[in-house]
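Asks: Here is how the chains run, residue by residue.
Number of protein chains: 2
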Amino acid sequence: MKSNVVAVIGGGQLARMMQEAAGALDIELRALVEAEDGATAQVVPDSRVGEPGDEAAVRALLEAPDATRIALTFEHEHQDTELLQRLAGKSVSVQPPPEALLFARDKLAMRQRLSELGAPVPAWREIVSEADIAAFLAEQGGSVIVKTARGGYDGKGVRVVEAPEDIADWLADGRALVAEAKVPFTMEVAALLARRPAGEIKHWELTQTIQVDGICARAIAPAPGVSDELAARAREIAETIAEGLGVTGVLAVEMFVADDELLVNELAMRPHNSGHWTIEGATTSQFEQHLRAVLDLPLGDTTPRAACAVMVNLLGSELADPTAAYPDLFERYPEVKVHLYGKSVRPGRKLGHVTALGDDPTQLSHRTLAAAALLRGETD
Amino acid sequence: MKSNVVAVIGGGQLARMMQEAAGALDIELRALVEAEDGATAQVVPDSRVGEPGDEAAVRALLEAPDATRIALTFEHEHQDTELLQRLAGKSVSVQPPPEALLFARDKLAMRQRLSELGAPVPAWREIVSEADIAAFLAEQGGSVIVKTARGGYDGKGVRVVEAPEDIADWLADGRALVAEAKVPFTMEVAALLARRPAGEIKHWELTQTIQVDGICARAIAPAPGVSDELAARAREIAETIAEGLGVTGVLAVEMFVADDELLVNELAMRPHNSGHWTIEGATTSQFEQHLRAVLDLPLGDTTPRAACAVMVNLLGSELADPTAAYPDLFERYPEVKVHLYGKSVRPGRKLGHVTALGDDPTQLSHRTLAAAALLRGETD
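Respectively, the protein sequence lines represent chains A and B.
full-length UniProt numbering puts the first residue of the first sequence at 1, with every later residue one more than the last.
full-length UniProt numbering puts the first residue of the second sequence at 1, with every later residue one more than the last.
By construction, these hints were calculated from the structure, which means they are not laboratory data.
Quick caveat: nothing in here was measured; it's all calculated off a predicted structure.
Hints should not be assumed to be uniformly reliable.
Since copy identity is lost for identical chains, a pair holds within one copy or between any two.
[Claimed, not checked] Capping the alpha-carbon separation at 20 Å, the derived lysine to any residue pairs in SDA-like fashion look like this: (1) K343 / P45; (2) K343 / M1; (3) K156 / R69; (4) K343 / A64; (5) K202 / E331; (6) K156 / E378; (7) K343 / A109; (8) K202 / D328; (9) K182 / E261; (10) K343 / R69.
For reference, chain A alone in the conformation it holds in the complex:
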């Protein structure tokens, strides 16, 4: 039994990568996972198969009478708020707290709260009827984004809408919807920070994310061509949100850059794909920082290890096993760091990522993209 215990709900790559940091710090990570052979269970000895909403399973995960510090945290936002509130009411340290997590789970609640906090957001409207969407379309020039308030991620639950009938099915189902103005952005960025319950906050470098079909394909840190002033503004916005929403652990605030303005797009309250570069690229990785933060320990230094870091996701592969590319990849790209999540291959699935550090974002992008292409089974 360890003195420091973090119980995590979720069995994917995020809990898997938390384990590397947990092992180094002698923190006992326990995971409630979907499958006994999933990404997390392969590397976390104390993985237990169970439903996130199974109160008995979650309570069992938290049994650690001798622990000095223990916290419950999450790989994703789709949690049972009432269960978490009951646990928090019984002195369980739920990090981030259920009241904060709600804003990462419900895009409508998020838009409302961010507007109250004065954070810059695209024009938005709650949509409950055809009349609502028709009016918003007219206001916004005929084309808007509509998102389901709940359940969407990685491009799912998001549509470009030009007429009310484009969301007729969602309206018929009575789904909570939020419409947003299309932002003519020049760049997407993520402001990544961690906050502990005691209030301390540490930021990483502002990261450019390059999305393909609504999924992060590549991240570059620091975001190239962004002025110090804009980067500082992004940090301020993220900090306002972290404090205003009472977020603890890692918070990623995804924003659009448009006309030298920032507009908040999405929130994630957990280690985030835009921060995978921190494993090699920062003094403290987002995974280590998340563990420190949820245990309310002082946060680690986030100074970058190099002038630039580039991370490229591996999304699907033609190879039945991407490690078949190792001999070629390692030979050609000895400086590229490979992370594979132990998942079986499916089209478009996030199977891993690669990272490289150096001086020149263009060259780093070239080499990491080429390395990821080898893992996808592409030959040139």
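Start from chain A and add chain B according to the hints.
Replies: Relative to the frame of chain A, chain B by itself:
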């Protein structure tokens, strides 16, 4: 079942730290460990309790009919050579090969072989009688080092000898002994490299090791004040040894620096304490490189991540649980990376290490020593 499998004999901190690299590369690490709750078993899901010399247990560890690549490797050199030779004879990939490992296990065989290879070594003599040691003492001016050829590590099995009676017990036991001239060294260094069966070799920066009571207390890389020429010579010597002995995996060659000369002291054929700084301090850590090397995959880049890295060992603690120092340590040394091995505290035991990267070895030493002191329970 993974395509890449590394079976490791040993359940201490070295196999524990291999797991961080194995997880990232989706390599299945399997460990034959001493105890089911030891340093390795806490983080390696497939840990099995068994004796290193138990052939059935070792064979079971190597059962992986679907693996593309599989290798057997070790945390320490004290292995049963005949067993390993039998396995190697049956097409098991034993890395390093048993013939090489012997030279890390038997100091007499090592001295003989290094002399044959022309590697610079201190004056030495095999000791089988009182007459031998008396003659060598007379030759060397009255004070020499005597080591048991086998079984010594971390200062054990080593004596400063001024008269034959100082080793009367060892002689009476008929132990194989090697006597060596005392070297008036100005510095101790370790040349660290990895070699794969295909022959490729990659070096890390030459590392200064600061020993206290025969145990590495601190490591500084690159070794301060060492000329490029001397560092190059150290690399050459290490390479000669790696090739001459047929070493695969990580090789650490510990040397004395005396009068701008290098003299080989000890060999280790596995990730070594002098290389723990590579986890943060090099593009590829010694643990990742060891896995690549034993699987005969192309080696990773070893370029340092910073001008200087300093590592300090945690040897024993006044604290029942060194993580009790986390709040204070993390607050005061946010840039120091802490590694604890999950071991129970015993006086002088290697419980963990801390590393920091930066520009100034003096300042880095100061801060890592202070951080380690907090983990030992010292207050200032």
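Asks: So which of those numbered hints doesn't the model satisfy?
Replies: Violated: hints 3, 6, 7.
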